[in-house]
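Novice: Here is how the chains run, residue by residue.
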Amino acid sequence: MQKKTIATLLSCIMLLTALAGCGNNTSAEASKEETSAAAADTAPEATTTAAEGGADTQNDTDDPFGYQYVDQEVTAVLSIYRYYADSDKENMDYAIARMEEKYPNLSFSIEHRTDSEGSTLRTWSAVGELPDIFEINSADVYQIFKDDGSLYILDDTVKATGFYDLFSNGAAAQEARTASDGHQYGFGCEVSNLGILCYNKELFEELNISEPTNYEEFKECITVLKDAGKIPVALFGAEKWPATSLYSLACIAEGQEQGLDAVNDKDAVITEEVYKRGADKFVEIANMGAFGKGALSTNYQQAYEMMYSKEAGFFFSGSWFFLTVESDGMGDKIDYCNYNVFADDAVKETVRWNALGGAQTEAKYSVNAEPPCGLDPETVSYLGLEFEYWTRVSAGVAGNMTSVIGDFAFSGSEGYKDYYENYGNYVTFTNFTGDLSNGSFVVAADNACEMVVSGNYKTGEELVDNIADSDY
Amino acid sequence: MKSKFNNVVLYFILTFYALISIYPLVWMVLYSLKDNNEIFVTNPFGLPQVWRFENYKNAFEKFDVLTYFKNSIIVAMFTILLVELFALLFCYVIARVRNRVTQFFHFLISSGMFIPIQAVMIPLVIIVRRFGFTNSLWSVIVPYTALGLPFACMLFYGFYLGLPIELEESAFMDGANLGTIYFKIILPQMKSPVVVLVIYQFMACWNEFNLALILLTKNNLKTLPLGLVNFWTSYQAVWGEVGAAMIMSSIPVFIIYLFFSNQITDAMSASGMKN
Amino acid sequence: MNSRLFHKNKGWLILFAAPAIIVFGSIIVIPLFQTLYYSFFEWNGIRTEDFLGLANYKKLFTSREINTSLINSVVYAIFLVLYQVGLGTVFAFLLTQSRIKGKLIFRYIYFIPVLLSVSVVSQLWIWIYNADYGFINQLMNALHIDWNQNWLNQKWTSLLAVAFVESWKGMGYVMLIIYAGVRNIPEVYNEAAVIDGASAFQKFRHITVPLAAPTIRITIVMCITNGFRAFDTTYLMTGGGPGIYTYNLTIMMYNAMIKQNNYGYGSAIAVFIVVICVGLMYLINRITRRYDIIYE
Chain A
1 MQKKTIATLL
11 SCIMLLTALA
21 GCGNNTSAEA
31 SKEETSAAAA
41 DTAPEATTTA
51 AEGGADTQND
61 TDDPFGYQYV
71 DQEVTAVLSI
81 YRYYADSDKE
91 NMDYAIARME
101 EKYPNLSFSI
111 EHRTDSEGST
121 LRTWSAVGEL
131 PDIFEINSAD
141 VYQIFKDDGS
151 LYILDDTVKA
161 TGFYDLFSNG
171 AAAQEARTAS
181 DGHQYGFGCE
191 VSNLGILCYN
201 KELFEELNIS
211 EPTNYEEFKE
221 CITVLKDAGK
231 IPVALFGAEK
241 WPATSLYSLA
251 CIAEGQEQGL
261 DAVNDKDAVI
271 TEEVYKRGAD
281 KFVEIANMGA
291 FGKGALSTNY
301 QQAYEMMYSK
311 EAGFFFSGSW
321 FFLTVESDGM
331 GDKIDYCNYN
341 VFADDAVKET
351 VRWNALGGAQ
361 TEAKYSVNAE
371 PPCGLDPETV
381 SYLGLEFEYW
391 TRVSAGVAGN
401 MTSVIGDFAF
411 SGSEGYKDYY
421 ENYGNYVTFT
431 NFTGDLSNGS
441 FVVAADNACE
451 MVVSGNYKTG
461 EELVDNIADS
471 DY
Chain B
1001 MKSKFNNVVL
1011 YFILTFYALI
1021 SIYPLVWMVL
1031 YSLKDNNEIF
1041 VTNPFGLPQV
1051 WRFENYKNAF
1061 EKFDVLTYFK
1071 NSIIVAMFTI
1081 LLVELFALLF
1091 CYVIARVRNR
1101 VTQFFHFLIS
1111 SGMFIPIQAV
1121 MIPLVIIVRR
1131 FGFTNSLWSV
1141 IVPYTALGLP
1151 FACMLFYGFY
1161 LGLPIELEES
1171 AFMDGANLGT
1181 IYFKIILPQM
1191 KSPVVVLVIY
1201 QFMACWNEFN
1211 LALILLTKNN
1221 LKTLPLGLVN
1231 FWTSYQAVWG
1241 EVGAAMIMSS
1251 IPVFIIYLFF
1261 SNQITDAMSA
1271 SGMKN
Chain C
2001 MNSRLFHKNK
2011 GWLILFAAPA
2021 IIVFGSIIVI
2031 PLFQTLYYSF
2041 FEWNGIRTED
2051 FLGLANYKKL
2061 FTSREINTSL
2071 INSVVYAIFL
2081 VLYQVGLGTV
2091 FAFLLTQSRI
2101 KGKLIFRYIY
2111 FIPVLLSVSV
2121 VSQLWIWIYN
2131 ADYGFINQLM
2141 NALHIDWNQN
2151 WLNQKWTSLL
2161 AVAFVESWKG
2171 MGYVMLIIYA
2181 GVRNIPEVYN
2191 EAAVIDGASA
2201 FQKFRHITVP
2211 LAAPTIRITI
2221 VMCITNGFRA
2231 FDTTYLMTGG
2241 GPGIYTYNLT
2251 IMMYNAMIKQ
2261 NNYGYGSAIA
2271 VFIVVICVGL
2281 MYLINRITRR
2291 YDIIYE
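Protein chains in written order, with the working numbering: chain A, 1 to 472; chain B, 1001 to 1275; chain C, 2001 to 2296.
The reader is advised that the hints may include incorrect statements.
Claimed, not checked - Listed below are the simulated DMTMM-like cross-link pairs for lysine to aspartate or glutamate, each with C-alpha atoms no more than 20 Å apart in a straight line:
{"#": "1", "chain 1": "B", "residue 1": "K1218", "chain 2": "A", "residue 2": "E135"}
{"#": "2", "chain 1": "C", "residue 1": "K2058", "chain 2": "A", "residue 2": "D465"}
{"#": "3", "chain 1": "C", "residue 1": "K2058", "chain 2": "A", "residue 2": "D469"}
{"#": "4", "chain 1": "B", "residue 1": "K1062", "chain 2": "A", "residue 2": "E135"}
{"#": "5", "chain 1": "B", "residue 1": "K1057", "chain 2": "A", "residue 2": "D86"}
{"#": "6", "chain 1": "B", "residue 1": "K1222", "chain 2": "A", "residue 2": "E111"}
{"#": "7", "chain 1": "A", "residue 1": "K310", "chain 2": "B", "residue 2": "D1035"}
Claimed, not checked - From the derived model, a few chain C residues whose C-beta atoms are all more than 10 Å from chain A:
{"#": "8", "residue": "I2014"}
{"#": "9", "residue": "G2086"}
{"#": "10", "residue": "I2126"}
{"#": "11", "residue": "Y2129"}
{"#": "12", "residue": "Y2189"}
{"#": "13", "residue": "D2196"}
{"#": "14", "residue": "Q2202"}
Don't read these hints as lab results, they were simulated from the structure. Glycine included, C-beta positions come from ideal geometry on N, C-alpha and C.
Hey, can you work out the whole structure from these sequences and the hints?
Specialist: This is the structure in structure tokens:
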């Protein structure tokens, strides 16, 4: 009968796809990312070629740790909870490969971080299931864990290994990670990401406009792009923070170098002049049609694809986007605006090095005070520090920005190189608004900025009043 | 003729609605064969300009399909079994014995339908752990069963009410006990709602994500939705592959639906029903 | 059931009812009471802090989003009921009529949106609704109708747009339930009606609807409560935005718990949702009790 044949057909398709995948799976296993506990027993063979391109350079970088802190025969399955995708995955695979080679009885179980507010951590903590090493991406969760005693204090192990001396920005990072009580509950030393406004060089050439260095030029670019039927700024409004971060950028341009962070930290009030002026500018470009009507439901990939294919002129993101640009081979087409596009001409040089983003958070990677893998926390912290070191080395090996002191050649196309060269000049940093600690403020600001982007607010005053109205 | 015109209008409405019901599936298949650029910018609605079958191959490799499939199927099977069994028996009691106690329990379990899962998630997780289910699929099977009971009970209750009391009374006259009566006489009459529930419960288990994310931490225990989420929470997500993965994940649900939905049968004939 | 049956088989009855009660009680009821407990505290998801009494509830009822959220939830629920139960009943009826060919195919196809993942469906409809190049506005332009709406950015259109998507997606399932209920109506009634010369519409009105009423009532309750608990579609399509235009109670709860780290407040909202839904169910059951037709 008809329905039976359809069902059988579908079952066959499913079976075929399963079989088809099987054949490829075994070879993919060897270079597979996820080295889980099951694979631990066959650790040595399974992971030697784990990192793409990293395999041949395994012996290039010296090992500053040696076996002084952890015995070579250490036996455990180390569970790590981190963002395990994109370039982070490559870096972590490299680190896993090096460490598994060095410690033959050690293997890793990686859990990919899928949320951005720490709810997984919270629930795990409630049931006592935190892994050995985890990334804490919420200031609130960090405070709770710290006060709770769930985090192992790293002062001694950091000192013993001289971890931060291995990095050019180590001193600053260590200071950021030192809590008010003088102890370090988290470790990590990465090159922090700044907010960048990218643009498509080819499109700009076609339309005869050049990179804007001040507010007037920015508005002009928007007008030209709009008249040409393009969406001026591709905003992935499906995530709430880009719009709010742009508003923060405008406030930075107006002189508040901490942007919205100051309001979050209660160092300033939203009704101050600088925030009103920033709001006026933000609303102005929104009213000019800078964002396109679908901005609030555009997702990240769609937004940058729009810029790639010249449907949009600008794309606002964080500097991690350069890695995507590199791997997509679009390096010669994309550049970023060196100046703060909201700045008036008179002040553009003064505010140029006040960055959006880049703030080093106190929370980064932490060690469980009672690691479930069975090792003592001191050993786990040594392993964690070493692991982190190798991930940063891997970034350098791949030619990306890293602060590890070593013989790494940066390789990137013009836009990325430009950013790399200018990076050291930035003097002040803020958070991306999604990372701010006062959740109520973030929600209020997000909602208000959405009203601007969707064209429901016509004046900067409405924006500021809306935020002021909520009891953040 | 009026009836012919009516027919034409009816067919038109039915077909129109069918088109807007099937287009999303077609669209999903199409976009699983495109790359990000085509999906988002150049060609969201039409046929792929370049047919990228490698999306399926990549999705299969990156995404441990077999393990996730196996886990999802085991979870679904056991949950369905338990929900059907528990709900059928329970609802029979409250549908036939209508006193204060049973009405209270009916009310209690029905209200379970309204609980937003995020609210009870943390206490629920703690309880599951206390029962010692962690590190096995039972840590999700038991909560899913509990979550499936309210809707199942509501469904069965209505159908039980439609069964005439004569059925049991005549068997009881012959001296049968309740167990025999139930399994031999009542149960066969409940085929339709049982089948409806299989479809619903299978889908609910197959797509459930929130609890699974928290309860299943070992990779070899994970279900499909968890695998999918890992897949697209990445800045460089390739949507075509995600679509391919989703299609592969949807096939079992579709099969279950095909097999079971035609089991929804006609009511018992009137001959045995004379008053 | 007469009391003889009842008393003789008490053992069986308890055995039948026990598993469900035990499982449900321990997995749902206890956590629910714990949530109720937490709603009176300042809870961060890990440790309870200060006892707040009714402060969380006060905060809820005086918040600036509660009015919008409640109204949105009500509108959403009503839309769901009208669409899903309305169309569901009509289609269920039509697909049991012998003169319609291809009933099976139609039934399968109408169920497809139910099977699709909500994220796929949301993404597609986001594009259909797009104000610039979305399908709807393009269609309007092609037909020279001057009615382009900025669907997802305006106050009421965004809410109705999202409600439509969820209604459309779930209709197939409501239809299936009602279909099962309609199939349960003994054919005798319909045959008798045809002999008496009833038209299709009269059959629908006087036989199908009344006898499938218990089933229809189930679906109405289901739709209304789904309306109050709606989350996935709204979250994926608009995230509650722009601003608070598509806020509802569940989004408020999500924001409170996940974004504002205020689990106590979130628990209070959850309790409020449960109370509303339970109250509604009770109300509906009472009002429609007289329509229960039990074969006697």
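Novice: With reference to the structure, classify each hint as holding or not holding.
Specialist: Hints, one by one, checked against the model:
Of the pairs offered as hints, the one joining B:K1218 and A:E135 holds, with about 18 Å between alpha carbons and a cut-off of 20 Å not exceeded. Only pairs whose Cα atoms come within 20 Å are accepted, and C:K2058 paired with A:D465 is rejected, the gap being roughly 23 Å. A hinted pair counts as satisfied when its Cα atoms are at most 20 Å apart, and C:K2058 with A:D469 qualifies at roughly 18 Å. Of the supplied pair hints, the one linking B:K1062 and A:E135 is violated, its CA atoms being roughly 23 Å apart against a limit of 20 Å.
A threshold of 20 Å between alpha carbons decides the hint, and for B:K1057 with A:D86 the separation of about 19 Å falls inside it, so the pair holds. Restraint check for B:K1222 and A:E111: satisfied, since their Cα atoms lie roughly 12 Å apart, inside the 20 Å limit. Proposed proximity of A:K310 and B:D1035 is supported: the alpha carbons are some 16 Å apart, at most 20 Å. With a minimum CB-CB distance of about 33 Å to chain A, C:I2014 clears the 10 Å threshold, and the non-interface call stands.
At roughly 28 Å from the closest C-beta of chain A, the C-beta of C:G2086 stays outside 10 Å, upholding its exclusion from the interface. Distance check for C:I2126 against chain A: the nearest CB is about 4 Å away, which does not clear 10 Å, and the non-interface claim fails. Not every beta carbon of chain A lies more than 10 Å from that of C:Y2129, the smallest distance being close to 8 Å; the non-interface claim is violated. Listed as outside the interface, C:Y2189 is consistent with that label: its C-beta sits roughly 28 Å from the nearest C-beta of chain A, beyond the 10 Å cut-off.
Against the 10 Å criterion, C:D2196 stays outside the reach of chain A, whose nearest CB is about 35 Å from its own CB. Distance check on C:Q2202: its Cβ is at least 33 Å (rounded) from any Cβ of chain A, clearing the 10 Å threshold; non-interface status holds.
Comparing the model with each earlier hint shows violations of hints 2, 4, 10 and 11; every other hint is respected.
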